[in-house]
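Make a model of the complete structure from these sequences and hints.
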Amino acid sequence: MQNVPNIVRERLKAANRAADLSHAQAHPDANLLTAFAEQSLAESERAVVLDHLSRCGDCRDIVALALPATEPVEAAIKKPATSWLTWSALRWGIVTAGILAIAALGVVQYQRRSENTASNSPARFELSTKEAKNRPLASPVPATVEKENHTDKEKKSDNLPPPVAPVLADSLNATDVTANGSTRVPRAEALPAPMSPERLSRPPAVGGPLSHGPRMANQWQQQGMVQNQAPAAASPFAKQQAAGALAANTQAPAVSETVEVQAQAAQMDTQSQNLVMLPIESGKSKDQPLAPSAVSEDNDDARVAAEPASPASGGVAPYAVIALASSPASGASVAAAPRWSISSAGSLQRSFDRGTTWQVVDVNASPVDVASATSIQIVGKTSRVRKVRSPVFRAVAATGIDVWAGGSEGALYHSLDAGDHWIRVMPTSSGAVLTGDIVSLEFADMGHGKVSTSTAEVWTTSDAGQTWQRQ
Amino acid sequence: MSSTKQIAAVQSVVSDLLADLYAQSCGEKIGLTREAFAAILYEVGSKQATPATSESEIRTFLVSLRVDELALARACAAGNNSAWEVFLTRYREKLYLSALRIAREDSAARELADTLYADLYGTNTRDGQRVSKLASYTGRGSLEGWLRTVLSQEYVNRYRRTKRLVSLDEESEDGVQFQAPEPEPVPPADARLAQATDEALAALSSEDRTVLSAYYLDGRTLAEIARMLGVHESTISRKVDKLAKSLRKQIVTALMRGGMSRRQAEEALEVDVRDLQLDIRRSLRQESEAQESSPPAFSEKRVEARVREDPG
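Chains as they are written, first to last, in the numbering used here: chain A, 23 to 493; chain B, 3 to 314.
Read the hints as simulated data drawn from the structure, not as lab findings.
Treat the hints with care, as some may be off.
Said to hold, decoys possible - Below, a list of computed lysine-lysine pairs in the DSSO-like style, where the Cα atoms sit at most 30 Å apart:
id, chain 1, residue 1, chain 2, residue 2
1, B, K251, B, K241
2, A, K35, B, K31
3, B, K96, A, K35
4, B, K96, A, K472
5, B, K49, B, K7
6, B, K31, A, K472
7, B, K247, A, K35
8, A, K35, B, K251
Given below as structure tokens:
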């Protein structure tokens, strides 16, 4: 930083002093100074205030002292929708399309043959997507989410509306197919160890390892279960991610993202990536009928493909995505949906053992290292990471593992995995933004919710937080 | 337009916009009647309007106000309880937090906040009428921002009187080396230098001078200045650099025009630049604090004040 000659300082001081002594200048009142600091003065007025500030140290001090604590970190995502249309994204789009097409047949076949033993088994479905090293983040997640959902839908015989079936199908199987080929989708390097039996348990029962076979069937059922609600929950989530990815426009090295979506009160325990692969593996080895074309020789490589999505949303989610921190599926599997509570100090807590012990949940935790996970952070225009204060929470509402937490200054956070990962949601409606202190949250189900603030504002959503209406 | 015309203009705009603005203000919920709200709009509008203001300008102005916060503030000033409940829920905590950030010390912060709170509540009376500071809020800036500004004003006014008192303990605590007051600035050896500098400074825009003063006199960080002016920090950084360089050049040029040789001119500047240990250290310290974007410590401000406000 350059220094100016001392004479400059002196003369500046002298000018300030003279102006001070002359008392000629009327100091701008608090309204004017505030409007100045908030950049809401017209040019002419601003010039007058600036002129005064150039001579009055006290008023400069006042403006400086009155600055808010931190700058707002939320930023509306305004990236044009076309920014994801890079060749590499398109390439994967084509691959996905091909995979899905091929898979369709196999899925239909499999579906006919698969048996459904348990009905209404709550399922917990984990998605994992994998980023190829040189690919933009944009595509993979939504596609995978939808794909996974489809797969689930597919496999769950019970409440399975056939429509989606073919598509989902063996995207898993499809993955299989491609896994062998040269167009094999890269797999998550950060994959945790292949699912160990202990991590799985039957749908209705909590815990307890299962043998491969029954588990297989259950897995499929669970997955099938999920799809009903998964898309609803997942797609906003995916959209958020997509939107976030668009804005962030980062290229991450091989990462794995884990998204957990629970269709109903989850009882199932599943390992992330492995869940998807399971059918394939087991299918092959455990007499699960699979379309021949779908069975892969190389099961180990059959990982979920991170495939680019067709533009899930042409534009931007109507709310701003603040940050999405995710980590490899380490402990992300939980046995059951936790209970939630807010301490008197306003910290968010959850308990996995029906209230015996509680852990504080930090919604801003785990800015992950990029090497092992994807972190999409949209912060201001400079894309610089800023520290976010932990909000003071006043309300929490949970539907299974879908959790909403709200607190002071419009802090509204949403988690789709019982609180392991959070997204900051900023409801906007006709240009207004929810910035008041949230005092109550009511979510009848994952899609419909109502947020009330201390200033008697009521904001509602009927699409799991994608769009909001202020009452 | 004449004064009566002006009044009429404001009145007409107010009645035009009243319905919309009143609805927007949610004044009904906090016990502010439509008529009362209209009166407020009129008051604010006519304060702003000058004979030269057109009706559309008045309209733009009124529409730009934060009417909901204005209604809240005025309802509080009028003593409405439900309005106070809302105000307290929203702002009480923030008031104390902001006071803490400004005063940087707990007891001073509490005192500051308590004093302001009393002013806002209207414990003062004039002619038997409760007088609340909130009645002076006009909705031009956010209420929260206004509260911070008022806090800062109170702080600056209050502590300006006591600035000259320097506590040895505080200074050594904060790691500021206690130094003898700066010697009286030596009158420039050459009056031409002062004049050349004055000219160079006068040629700058107000914004540039404000930036320079804030940076070199007040000791603000680049980040703070950037936020004060609503620009990016790098903009301020570049500006300060550019200004420092160009001022130098300007002064030298002016001196040369006045008859000095280039060498003489540069020397004249050099001599004054010599005693910059204090400044460099301060600059360095400020830059390392740039990340925190916090106002200088209380005692630092005192040192500054002492330096700035030379006796006489």
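The hints, checked one at a time:
Proximity of B/K251 to B/K241 is assessed by CA-CA distance (about 15 Å); at most 30 Å being required, the pair is judged to hold. Simply put, A/K35 and B/K31 have alpha-carbon atoms about 51 Å apart, too far for the 30 Å limit, and the pair is violated. For the hint linking B/K96 to A/K35, the alpha-carbon distance of about 35 Å lies beyond 30 Å, and the restraint is violated. For the suggested pair B/K96 and A/K472, the alpha carbons sit about 25 Å apart, so the restraint of at most 30 Å is met.
This hinted pair checks out: B/K49 and B/K7 have alpha carbons roughly 14 Å apart, not beyond 30 Å. The hinted pair formed by B/K31 and A/K472 meets the criterion: a straight-line CA distance of about 20 Å does not exceed 30 Å. With a CA separation close to 19 Å, the supplied pair B/K247 and A/K35 stays within the 30 Å bound. Proposed proximity of A/K35 and B/K251 is supported: the alpha carbons are some 20 Å apart, at most 30 Å.
In terms of the numbered hints stated before, the structure departs from hints 2, 3, listed from lowest to highest.
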